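Using the hints, position chains B and C against chain A.
Protein chains in written order, with this note's numbering: chain A, 1 to 359; chain B, 1 to 422; chain C, 1 to 352.
Bear in mind the hints are in silico, worked out from the structure with no lab data behind them.
Model, not experiment: these values are computed from the prediction.
Hints are not guaranteed to be accurate.
Computed beta-carbon distance windows for the label pairs [as the list claims (entries may be wrong)]: (1) B:176 <-> C:91: 18 to 28 Å; (2) B:326 <-> A:73: 27 to 37 Å; (3) C:118 <-> A:346: 25 to 35 Å; (4) B:321 <-> C:294: 42 to 52 Å; (5) A:229 <-> C:200: 49 to 59 Å; (6) A:150 <-> C:325: 28 to 38 Å; (7) B:332 <-> A:190: 46 to 56 Å; (8) A:240 <-> C:203: 34 to 44 Å; (9) B:322 <-> A:149: 53 to 63 Å; (10) C:106 <-> B:332: 50 to 60 Å; (11) B:329 <-> A:225: 56 to 66 Å; (12) C:291 <-> A:237: 24 to 34 Å; (13) B:91 <-> A:124: 43 to 53 Å; (14) C:200 <-> B:61: 27 to 37 Å.
Only pairs whose alpha carbons sit at most 25 Å apart, straight line, appear in this in silico SDA-like list of lysine to any residue [stated by the list, open to error]: (15) A:187 <-> B:320; (16) B:300 <-> A:284; (17) C:262 <-> C:287; (18) A:346 <-> C:136; (19) C:259 <-> A:131.
We put the beta carbon where it would ideally sit given N, CA and C, even for glycine.
Given next are the chains, with one letter for each unit.
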Amino acid sequence: MISCLEGHGYTDAGGSIPSPRVFQKARFPLHSGHPMGIPRLRPGDGHRMFAASSKKRETREEVTAQMDLSLIFSQIINGLQTGSVYALVALGYSMVYGIILLLNFAHGDIIMVGAYTAFYAIASFHLHPLASVLLAVLVSTVLGVAIEKVAYTPLRSAPRLSLLITAIGISFLLENGAQLLFGADTKSMDTIVTGNAALLGANVSYAALLTIAVSVVAMLALTFLVQKTKLGKAMRAVSEDMGAAQLMGISLNRTISFTFAVGSALAGIGSILYLCAYPQASPTMGSMLGLKAFVAAVLGGIGSIPGAMIGGFVIGLLEAMVSAAGLSVWKDGAVFAILIVVLLVKPTGILGRQITEKV
Amino acid sequence: MKKFLAMLLSLTLVLGLAACGGGNQPSGGNAQNSGGAAGNDAGNDAGDSGSDSQPSGGSDEITIALITNTTGDYAQYGIPVHNAAMLYINQINANGGINGKQVKVLEYDDKADGVETVNALNLAVENGATAVIGSVLTGATIALADATYDINMPQITASATAAGVTMIDADDPASEIRENVFRSCFIDPFQGEKMADYSYNKLGAKTAAILYETGNDYSEGLMNAFVEKAGELGLEIVATEAFATGDKDYKAQITNIAAKTPDVVYAPVYYGEAGLAIQAARQLGMTATFVGGDGYGNVKDYATAEELEGTVYCSGYAPGTESVAQFESDYEAAYGEPVPNMFAPLAYDAAMLMCHALEAAEAAGLEAGTDGYKQAVIDALNAIDGVEGITGTYSFDEYNNPVKSAAIIELTGGEEVFKEMY
Amino acid sequence: MKEKKPIRIPMPLRYGINLALILALWGTFAALIGQGAITNYWSGILIMVGINIILAVSLNIATGYLGQLPLGHAGFMAVGAYAGGIFLKSTPVADLLKAGNEAACLPYVIGALVLSAVVAGIFGLIIGIPALRLRGDYLAIITLGFGEIIRVALTNIDSLLGFKFTYGAAGLKRIPKFSGFHLVFICVVLSCTLIHMIMKSRHGRAILSIRENEIAAESVGINTTYYKTMAFVVSAMLAGIAGCLYAGYLGSLYPATFKFMKSIEILVMVVLGGMGSMLGSILSAAALTILPELLRSVADYRMVAYSLALVLMMIFRPKGLLGSYDFSMSRVLEKGINGLRGVNTGKGGGAQ
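One chain only, chain A, in its complex shape:
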């Protein structure tokens, strides 16, 4: 086995095996050309496979130390990957809450719609993946603005409870509508981005790196938008004081619609990145994702953009840590427990601002 590794340049001069990743892959001669590098199993391989494992146990101690480090690193990458998606969705929540003080329950389901759009674009219409991505983002944006116009605008002066109930209603309408139209089962599609890279001894997928990169870029772009452009200034003004902003000549409807559009576009991007990691679409995929992203927004401080980013990454890392500890079935419970702790200890979140109610 050592000899077959030498040709690929995996061994060092001493002939010992440097990293566990290589050890796992090198049980059979690698087929070049396949992006995943997974060999084709043939009948009879079974015996060879199991004969190898006993040899493996002997040298396991050698690689355990290296494995732990790369294990931790890959868990961190996992956490950052899911955290990025949460962060993108949390941004949408934060922006909408900052502007009209509404918890848009339907936000998570916009992700679901984006995912189905991408699925049908690729599977039924056979569009180029890039075109499907753009289409998905476009559809998400349009849907977000449409929901705002139809359901939230008439209730702008209504008590917040009614608005919240309407948001819940829209969320379930989307979910059950999707179930009716597309069926309740999960639709699988080909992964858009494949391939792994070796980083610090762990297998990191390109999808993960892309996810983290895209979300950071998106967040920077959003910060620029909010701080430097006129529309961003309008958004900040409206969230500060709706009445005064109107007196200053800011078009309320336009600003709010724009906020929803940006938030939904980010959700659309988030859904595509989510699909890169888990290429399946189901009608209820958005609800848990949306809830967790909401927790992230609350954690970071609802109404605050950098807070949403921080909150997203924290929740993602928390989930990864809980799973790594072997308690993955309690993942959801842990996230909600964090929510409760945050709401009790510091309801405004890490970076949120205190809203005092005057009488």
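Chains B and C only, in chain A's frame:
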């Protein structure tokens, strides 16, 4: 004015839904049958609160009930069961029915909810049903079995695999059996044992890891049986990992499993999750064979051929083999899509078994709907020995579970290929 | 002409009238069931109607009267259901029912109901104290979180200290089926009476004042924390009783039944009926339990219709179908009598 408008709006909404009867089946197939029967029972129950349970309508019809979840979260399992059972009944009716009588099917949707199932049963009894095919998910089927047990109504299920469906107390081997409940699928413990056996004896595995879904009766049942059998055989379980329902991220669990380098990974979950798990494992460089249960049907659509190569699972249904070829083409002709999963042929066989028993009761000259008739049907089901179905040869053991061998399916070149019976 | 004073029916007589009404209703149902005019099917539906009524009126306390939006009601129902179920499984009720000895079951059943109310109430206290410090949206989310945590815990904890406790996802099965129509009817009547009496008292008025303006209520000396917690706990206790009855009707419990969707279904009942109207909650609970049965042919569209109804209701008539109107037989009689005498009762409504 606004108040009036709102009232009118909500009333029209409700009435509009009632008026456009015969809902659309999402399967996109031929829904004429269900539309007709649905219109029938809407007419039946809406005004019928005064009538008692009556014997089957007319002496030229046998009425049975088909209770499945055609809407709701798990409709993708209920719809094939419904479609396949209807396919069989329609074929029987086209061939002259049973003993010259047409079989009338009362179709009910229970949304996989226990309360709805019992309601559907009560409605069926009111409308003169003499036997029940249903339900689909374990929880609903057990609720249904509790209710049919009280009235000694023969019941057969195509898909509920928990032991507790036919046994009153699943934990107690000497528990009372619900004599009137049968099933055409094998039970969870059977599958778990079978695959432990197969992994140890056929695949030559010495160590195994487990990845299962908590919150899922089926997954936990298979897992427990596997672990027990593995203990008997001497197959060492080196890692046990779990994920919660709805979870799609298994990297952490797979990482932990990979660290222990098992020979096989037993992952008794459904095809969607199985595909994701196998993908995650391959991405992390694991090459261990994945072994699964009958939930793996159609996993080929959820991961690439390379990733799935060598995966094995047991099933009640051997796709593409001779015995099922006719069924597969009939199903596609009737519903416009290929057989979606293994529940369809199992439902076909369930309907076949029920009709077989109905024939025996008819032959004894009893009147449909009476207690004597129902007992005769139950006795006939009990007596079945060697009846040929499309998924195997049937006979029932003392727990009313079928004695069948399992078909072992292997993923070869991206296709699910029948390997052998085991 | 001397103006005739409007007659007001005195309190004891009002109670008498209400009692008579209830007995008449009960008698009608009992007779119909006895004669078989109401079949097994319909009596099953009526039991579910009763359970849903208790759920709706209990949520109405926290939503309509207190003005909050707790989204974890299914969690209280779950806790009560499991408590009652586990208790009854460990008693000889199962054998007593088989032997047909229903009377002997009664003390156990009452014990189970009380236990589930107490357990649910304790959970209500635990959840309420932190949750009620928050307002509006945050309360909604924190109660949602608690509801989900309860469900996740029930799914994953199947044994406690090695003793098979809740059976986790496999479900708690073989609970003796003790929920008959009469038991459920009595529970419904008792729940509604309890709520009615609370709301009529000064406790009720305090709760309503908190809904109207919490800061003003605080400033006139009402202990808002106490009253908010009390309303929340009563709401939870009644949900627990409904859960126990549900366990007794179905005979088996699965944690998956008590997910967020269930809380929303109960919320839809309260919202459609009118937040703050007990009669509204009762009617909409009944309607939303019976309608799906009648509209079996369009079952596919049921959930879509619910969501749509919720949204439309909020946009066009946020107060719900009945607003905060509460029915009172005595008031109807008063209006009738005074109308006949030709006397203007003026604003005769308000607290009955």
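Output the indices of the hints that this structure fails to meet, ascending. 2, 7, 12, 13, 14, 19
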